[in-house]
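Visitor: For the protein sequence lines, the chains are A and B, in the order given. Going from the first sequence to my numbering is simple: count from 1 and add 2. Going from the second sequence to my numbering is simple: count from 1 and add 212.
Treat the hints as calculated values from the structure; they're not laboratory data. Values in this document were obtained by computation on a predicted structure and should not be read as measured data. Among the hints, a few may not be true.
As the list claims (entries may be wrong) - Rough simulated footprint, nothing fancy, chain B against chain A, three-plus residues with beta-carbon under 8 Å:
id : region
1  : 12–24
2  : 121–131
Said to hold, decoys possible - List time: in silico BS3-like cross-link candidates among lysine-lysine, alpha-carbon distance up to 27 Å:
id : chain 1 : residue 1 : chain 2 : residue 2
3  : B       : 400       : A       : 256
4  : B       : 463       : B       : 383
5  : B       : 315       : B       : 251
6  : B       : 383       : A       : 256
7  : B       : 251       : B       : 554
8  : B       : 543       : B       : 317
9  : A       : 256       : B       : 384
10 : B       : 586       : B       : 400
11 : B       : 554       : B       : 542
12 : B       : 315       : B       : 341
13 : B       : 465       : A       : 256
14 : B       : 586       : B       : 568
15 : B       : 463       : B       : 379
16 : B       : 614       : B       : 543
17 : A       : 256       : B       : 404
18 : A       : 256       : B       : 463
19 : B       : 465       : B       : 384
20 : B       : 404       : B       : 383
Think of the CB as a built atom: it goes at the ideal place given N, C-alpha and C, for glycine as much as any other residue.
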Amino acid sequence: MDLYGLVGFNILVGIGTIALITVGLGVIYGMMKIINLAHGEFMMLGAYATYVANTHGINIWIAMLIIAPIFVGLVGLVVERCLIRFLYGRMIDTMLATWGLSLGLIGLMTSIFGNDPRGVPTPVGSFSIGHYAASLYGFVIVVVAILALAGFYAMLSLTRYGLIVRATMQNPNMAAALGVAPPTIYMATFALGAALAGLAGGVLAPISGVSPVMGAAFIAKAFITVLGGGAAIVTGTSLASGLFGFIDTFVSFKSTPVIGEVALLLAAVVMIRILPQGITGRFLRRSL
Amino acid sequence: MSQSPGTRRGFLKLGAALGGTALSTPFIARHALAAEPIKVGVLLDQSGPLGLSGQPMLQATQYAAKVINDQGGLLGRPVQLVTYDTQSSMQLYTQYAQQLALKDKVAVVQGGITSASREAIRPIFDRFKTLYFYNTQYEGGVCDRDIFCTGTTPAQTVSHIVPYALKNWGKKTYIIAADYNYGHITAKWMTKYTREGGGQVLETDFFPLDVTDFSATISKIQQASPDFVLSPLVGANHLGFYRQWAAAGMKSKIPVASSVFGLSNELKSMAPSVTDGIISAFGWYPTVPGAGSTSFSDGMAKMFGPNLPMLSELDSASYEGMMFWAEGVKKAGTVERLAVIKALESGITIDGPSGKATMDPATHHVIHNAYLAKAVAGEWAIQDTYPASPPADTAAVCDLIKNPRMDKQFIVNVD
Numbered sequence: 003m004d005l006y007g008l009v010g011f012n013i014l015v016g017i018g019t020i021a022l023i024t025v026g027l028g029v030i031y032g033m034m035k036i037i038n039l040a041h042g043e044f045m046m047l048g049a050y051a052t053y054v055a056n057t058h059g060i061n062i063w064i065a066m067l068i069i070a071p072i073f074v075g076l077v078g079l080v081v082e083r084c085l086i087r088f089l090y091g092r093m094i095d096t097m098l099a100t101w102g103l104s105l106g107l108i109g110l111m112t113s114i115f116g117n118d119p120r121g122v123p124t125p126v127g128s129f130s131i132g133h134y135a136a137s138l139y140g141f142v143i144v145v146v147a148i149l150a151l152a153g154f155y156a157m158l159s160l161t162r163y164g165l166i167v168r169a170t171m172q173n174p175n176m177a178a179a180l181g182v183a184p185p186t187i188y189m190a191t192f193a194l195g196a197a198l199a200g201l202a203g204g205v206l207a208p209i210s211g212v213s214p215v216m217g218a219a220f221i222a223k224a225f226i227t228v229l230g231g232g233a234a235i236v237t238g239t240s241l242a243s244g245l246f247g248f249i250d251t252f253v254s255f256k257s258t259p260v261i262g263e264v265a266l267l268l269a270a271v272v273m274i275r276i277l278p279q280g281i282t283g284r285f286l287r288r289s290l
Numbered sequence: 213m214s215q216s217p218g219t220r221r222g223f224l225k226l227g228a229a230l231g232g233t234a235l236s237t238p239f240i241a242r243h244a245l246a247a248e249p250i251k252v253g254v255l256l257d258q259s260g261p262l263g264l265s266g267q268p269m270l271q272a273t274q275y276a277a278k279v280i281n282d283q284g285g286l287l288g289r290p291v292q293l294v295t296y297d298t299q300s301s302m303q304l305y306t307q308y309a310q311q312l313a314l315k316d317k318v319a320v321v322q323g324g325i326t327s328a329s330r331e332a333i334r335p336i337f338d339r340f341k342t343l344y345f346y347n348t349q350y351e352g353g354v355c356d357r358d359i360f361c362t363g364t365t366p367a368q369t370v371s372h373i374v375p376y377a378l379k380n381w382g383k384k385t386y387i388i389a390a391d392y393n394y395g396h397i398t399a400k401w402m403t404k405y406t407r408e409g410g411g412q413v414l415e416t417d418f419f420p421l422d423v424t425d426f427s428a429t430i431s432k433i434q435q436a437s438p439d440f441v442l443s444p445l446v447g448a449n450h451l452g453f454y455r456q457w458a459a460a461g462m463k464s465k466i467p468v469a470s471s472v473f474g475l476s477n478e479l480k481s482m483a484p485s486v487t488d489g490i491i492s493a494f495g496w497y498p499t500v501p502g503a504g505s506t507s508f509s510d511g512m513a514k515m516f517g518p519n520l521p522m523l524s525e526l527d528s529a530s531y532e533g534m535m536f537w538a539e540g541v542k543k544a545g546t547v548e549r550l551a552v553i554k555a556l557e558s559g560i561t562i563d564g565p566s567g568k569a570t571m572d573p574a575t576h577h578v579i580h581n582a583y584l585a586k587a588v589a590g591e592w593a594i595q596d597t598y599p600a601s602p603p604a605d606t607a608a609v610c611d612l613i614k615n616p617r618m619d620k621q622f623i624v625n626v627d
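Whole structure, please, built from the sequences with the hints as guidance.
Guide: Here it is, written out as structure tokens:
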């Protein structure tokens with residue numbers, strides 16, 4: 003019984019982790035159709051922001067939940083102004099440009115901080131499920147993932163800005179005719195996506211460690227989940243991370259992490275074959 | 213002994229040069245620098261995931277070259293390093309290996325970090341008749357007359373870790389290993405030593421180098437409930453295991469011993485709350501006592517300043533690789549490959565950072581002091597010393613004196 007509790011908890015954390023690393027990409031790729039291959043590096047910047055803030059004596063929660071997203075959001079703003087805004091509507095070109103950006107960011111961080119992985123302390127302890135122990139930090143990941151998705155959903159559905167964003171993504175010309183400036187909205191949305199990636203990097207820093215090449219470990223999963231989720235960012239990301247997180251963690255527990263990854267990829271291949279537009283391309287089409 | 217008068221003349225010249233050194237070092241040094249340098253190829257990752265290990269290894273190699281040159285060089289010629297950054301890429305290893313052998317025509321190549329990289333370049337140096345030193349602790353078993361391995365092998369490290377764990381912690385173990393040749397072969401050695409010590413391996417899991425999330429594994433380990441965990445996990449991503457292990461509160465419940473932990477500045481990059489209590493065994497630690505150890509640490513610190521990471525066996529072995537080669541050249545009186553191999557096969561002993569180290573002629577591995585240490589407050593506290601540990605794993609299967617044409621890697625079979 004305890005074991006089921008532990009595995010259930012792990013599955014929950016696995017789902018939360020995937021949701022967290024995906025939501026930022028969901029905004030940038032899912033909504034704006036920018037293939038952001040630098041997504042992993044945005045996460046890496048968030049992790050470094052957390053690390054640097056923490057070593058300068060700033061409270062770890064403030065560092066990962068506030069400083070990391072704000073810093074990476076600002077980086078996203080600069081990147082959008084200097085690079086991405088020239089490439090809207092040119093999907094393949096954005097892929098090339100952001101790939102170059104990701105290599106550049108890895109090189110930059112390596113020359114500033116060096117290659118060695120840095121550590122951020124885990125701010126909470128552990129708890130026990132029966133006679134098994136698990137990290138309380140798993141709860142933090144799950145809660146942050148839920149808050150990020152819920153907050154994003156609330157913003158899209160309840161605020162005026164959310165309405166404008168949705169309108170601009172659907173039909174920029176019509177939005178412009180109604181008095182909205184699409185370039186500003188694009189800029190803000192890209193920065194928001196980057197900030198969410200930064201948040202993910204900051205929150206995952208204590209578990210994964212901080213190094214310039216850490217982004218590579220996340221990017222594939224993030225893209226698979228966005229594609230699997232489909233057009234509706236919040237619903238799609240939640241459903242796809244629920245499915246993939248469950249498969250990955252459960253199979254990893256039953257066999258090995260390698261087989262877990264294989265099962266995740268297999269599930270993704272099968273799903274894309276059956277639902278080429280992602281889950282929300284077929285079901286819950288009117289959701290956000 | 214010497215077969216040609218040329219060698220004897222060379223030897224006399226060297227003797228004269230050495231005698232002269234005592235009298236007028238500046239003149240000899242000037243003379244040495246004027247002569248055509250001996251090129252030494254170095255292939256070490258300076259960037260990418262392995263750059264972390266490669267950077268101090270290169271620094272140790274540079275330090276060794278400086279020590280050799282400060283003593284007047286070799287055969288009256290200075291040593292010059294030809295260095296390529298292999299960027300943690302196997303393709304660049306093979307490319308630069310060919311370049312070193314064919315274009316630069318170096319006298320010897322020092323380098324290679326992972327076993328995968330060694331196996332990528334070893335055939336190239338065999339084919340182009342280039343002497344090669346591999347200076348990393350590894351899974352053992354390479355039996356090839358063109359290569360010398362100065363790092364420790366499982367018989368020198370794992371053979372000490374496992375009995376320590378069986379004696380102090382209990383009989384049941386769980387092995388978590390990196391998913392490439394090093395992890396697989398080391399896991400076999402761990403299984404072998406555990407069974408020989410009357411222990412039991414509950415489960416062995418392998419992890420590709422890009423795995424960062426170990427939560428499922430940590431649950432599995434708890435379910436299996438071993439007395440201790442053995443970890444040949446490799447690389448920056450795998451360090452996540454130790455963090456998550458501590459975060460789950462497992463560190464105080466099940467102890468961990470590793471054959472790799474500590475080679476990449478781990479004790480400095482992670483908090484003592486994560487690392488304390490982890491057991492490892494290597495041929496050298498910065499805390500090893502002795503004049504050779506101190507002078508190596510001090511010399512490196514003096515040459516490269518305070519930003520040096522915590523040094524490890526990879527660095528001391530890189531230094532020793534250069535020094536073994538230098539002794540071989542001095543004894544042979546030439547940098548010619550076969551002569552140097554023969555000289556090294558005469559059983560050369562050097563005074564390295566870890567004390568006396570002797571090249572074993574039959575295996576081309578090093579008979580080496582080994583140490584077992586425990587992480588305590590961010591330092592390695594030496595628990596036990598094993599003087600002159602032989603590379604018994606490789607020696608059991610490899611005899612290059614009897615079979616000089618042997619060229620393979622033996623892999624231990626446990627099942």
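Visitor: Identify every previously stated hint that the structure contradicts and give their numbers, smallest first.
Guide: none
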